[in-house]
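Chains A, B and C, in that order, are what the protein sequence lines are.
Take 7 as the starting number for the first sequence in my numbering and just add one per residue.
Take 155 as the starting number for the second sequence in my numbering and just add one per residue.
Take 344 as the starting number for the third sequence in my numbering and just add one per residue.
Keep in mind the hints are simulated off the structure, nothing from the lab.
Note that the structure is a prediction, hence the values are computed from the model and not measured.
The beta carbon of each residue, even a glycine, is placed where N, CA and C say it ideally should be.
Hints should not be assumed to be uniformly reliable.
[To be verified] Chain A side only, calculated, beta carbon under 7 angstroms to chain B, not exhaustive:
1. G62
2. I76
3. I78
4. G80
5. A81
6. G85
7. K86
8. E102
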Amino acid sequence: MHADPIGVLTGAHFIDGDHACSEGAIAAGCRFVAGYPITPSTEVVERIADRFPFVGGVFIQMEDEIASSIAIQGAVWGGKKAMTVTSGPGFSLMMEHIGFAAMTETPCVFVDVQRAGPSTGLPTMPAQGDMMQARWGSHGDYQIIAIAPNSPQECFDLTIHAFNLSERYRVPVMMMMDECVGHMIERVVIPEAEKIEVHNRKVYEGPKENYLAFEAGRDLVPTMVKAGDGYKIHVTGLTHDEKGYPNMSVATQAKLVQRLMDKIRLNADDIIKYEEENVEGADIVVVTFGITSRTAIPAIEQARAKGLKVGHLRLIVCWPFPEKRIRELAGRVKAIVMPELNMGQMVYEVERCAAGKCNVVSVPHAGGTVHQPKDILAAIEKSIRGK
Amino acid sequence: MPEELYEIEANIPANPIEEYLRMDRMPHIWCPGCGIGTTVNCFVRALQTSGLDLDKVAVVSGIGCTGRVAGYMNLDSFHTTHGRAIPFATGLKLANPELKVVVYSGDGDLTAIGGNHFIHAARRNMDITVILINNMIYGMTGGQVAPTTPVGATASTTPHGNFEETFNLPFLAESCGAVYVARWTAHHVRHLTKSIKEALAKKGFSFIEILAPCPTLYSRRNKLGDGLDQMEFYRDHSQIKNGADTKSVAIDFQGDIVVGKFVDKERPTYLEAMNNHYQKKYGDRYVPSEEMRKVFHA
Amino acid sequence: MAEVAEQTKKAAKGSVVISAERCKGCGFCVEFCPPEVLELASEYNSKGYHTPILVKRELCTGCDICGMVCPDFAIYGYIMKKKSKEA
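All chains, full assembly: derive it from the sequences and hints.
Structure follows, in structure tokens:
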């Protein structure tokens, strides 16, 4: 299916990541946004508020992030594609509703333009400190998808991808931007609508009697209907059976939670996305995501100029994590170096998958600005000392 | 004895409310003497004569005993998170204005954790009907104090007696801009049914507070008897004062209860204001959604 | 003609349907029935609740106040159809 041309501003633009994200959402078919102002994400909803009246969208600034994160789910069950936008403190407020979206399999996109934390932190300055929170922030066991763009162009392209994944797997998808990527202004090329592929949820149109709203086929994703179609569905955050009715048995809990986990885990190969350069034959692989993938490049080039065999693996989808690839690389390389604009988060996933087969070096940063390439270079050189 | 004037019914009519309920989930979980079921009866009877297309009626509940209402209605129903039924309902309504969206939840859910959403939806005049069951306690979790528990009453988290003032809910709703505000008790079944019917037909934020017994927790802890005793109390201590000044209708512990329709006025709903605004400012350039077009620009 | 007028002057007669297994013995229907035609039985249902029974059937008007007030959807009243003249 292709994008609706009404929302697509085909052409070359010179805009920042936040604005590119707005355009990506509109191109993807998002027509409901509920948000609350928070630096450095506010520009996303400002542009949405500006554009929506001309593309059939509805934007409402709700009274807080908690309201925003559930209003979008009401809109999804009313038949729309919906998104909310925030930064760290608002992301924390939204956690309960991310869990609700996962439990009720409500497709929606949460954009987190990360800033330095914890707490109020440095509101106008970048960090990548919400990565673990994106995966584990809500209570209980569930799976989400998280994507990290590294340029305004990717903010456009990957927001569309986020919506497509969300609709395909009926799961909340986190767009993990950061203040740097969100506020940098670069060339963003928006293609013609016919060249933009857009994926919609599987809609059930069969008989109303005995419709099981939460029964899934082999892909583990149930079909979906919307309020007003006469199916008289019941949607609850309580543990529920295939009909959607609350069911307190341990067996139902096991079945439901297992399916919600498997829905992403068993489809992970189709969801995982990363980019590699010079990884074949490398002794050291630098694993990055988001803005750090760009600041690592000078360090990697300098290391290679010094004769070190350094490769670069950039995570595009951070969750689900590319466990197989990291396990494989750990068996072949001497070290994996992971710079992050946080005190070490995704590096623990690398460590877990490497399982001691190679050296894993974190290059932490409390946030506020990007890494100095010389610090990443020093970590690369140190990583193989003694090996 | 005029028996011979009446036909012996070969087929006794089925209870007409059953098609509005998920009978496959009966009996429900509410206690003996709980008033929630009574209010659901009135809600169903109001729906019966409302002329509404049942496919287009959606019920949204929060968490709590009253929150379970969504699960028992044979309509599109959403059992959301604690306190957040109203913003969910907002999203649902804005996505498809054709839907008749009813929020059916409890006093703690809607005015404690949900208080912020309550006041903003009223301010915006969101076109939803909010039915609030006030049993003056947090029932589901075992009887904790609520913003509606009267001063002097006991609850599990105010075991020495509550000394916090309560909300006067009709006053709160009116002051935030609700266009329809009424209060009834579970005893006033006929008035309540009529009031719900009016609220459903009303455009804008319509609010009905319904006092209902919680025999297991509120009544028992405060030695007020059982559900029937509470219903009799409502019968004997309510005064119907339609049009009363909402400032004057606060409820004291075991004091008289003022019931009635207090506010019934008109002002543009959120969506009316939005559509008129864009239409006026941009004319043909304004592109409403398909669903919006059906309702506002037909 | 006079006979019809006489019949229509009398109050409509009604009856109730009680789903005893659903009843929780709260007593609302008994208390709030205007002609007071219900009583709680000395028998009880499988859950141990004393359910209502219609004791003064000739006084039941089918007003359905019992149905409106029942929290458990366990009782409802209905108005019985009058026999048509042709019967």
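Okay, the hints, checked on the actual structure:
no. : hint : result
1   : G62  : holds (4 angstroms)
2   : I76  : holds (5 angstroms)
3   : I78  : holds (6 angstroms)
4   : G80  : holds (3 angstroms)
5   : A81  : holds (4 angstroms)
6   : G85  : holds (6 angstroms)
7   : K86  : holds (4 angstroms)
8   : E102 : holds (6 angstroms)
This entry satisfies every hint, going by the numbered hints stated previously.
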